[in-house]
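Enquirer: Work out the full structure: start from the sequences and follow the hints.
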Amino acid sequence: GKEVPYLEEVRVIDCYRGSPIPQGKKGLAFRFLYRSREGTLTDEEVNRAHEEAVSYLLEMRGVSLR
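FYI, our numbering numbers position 31 of the sequence shown as 64, with every residue one higher than the one before it.
If you are wondering where the hints come from, they were derived from the structure by calculation, not from laboratory data.
Keep in mind that this is a model prediction, so the values were computed, not measured.
Across the chosen pairs, the derived CB separations fall in these ranges:
| hint | residue 1 | residue 2 | range |
| --- | --- | --- | --- |
| 1 | R50 | E77 | 29 to 39 angstroms |
| 2 | G51 | R94 | 14 to 24 angstroms |
| 3 | Y49 | T73 | 26 to 36 angstroms |
Backbone N, C-alpha and C define an ideal beta-carbon position, used for all residues, glycine too.
Expert: Given below as structure tokens:
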């Protein structure tokens, strides 16, 4: 798989089915944990890493961002 800088953990924290989610689909909420061993991450570093993580998810078949 693709490695996203500073991404230590991803967890699904909620799974929802029903309106307004189309039938046969589900809405998932994720928790992303970013950490650096070298020190405190800047907002820019976290934002860049998060954009990469979301971009990677969107490359997966059937995934869309709400």
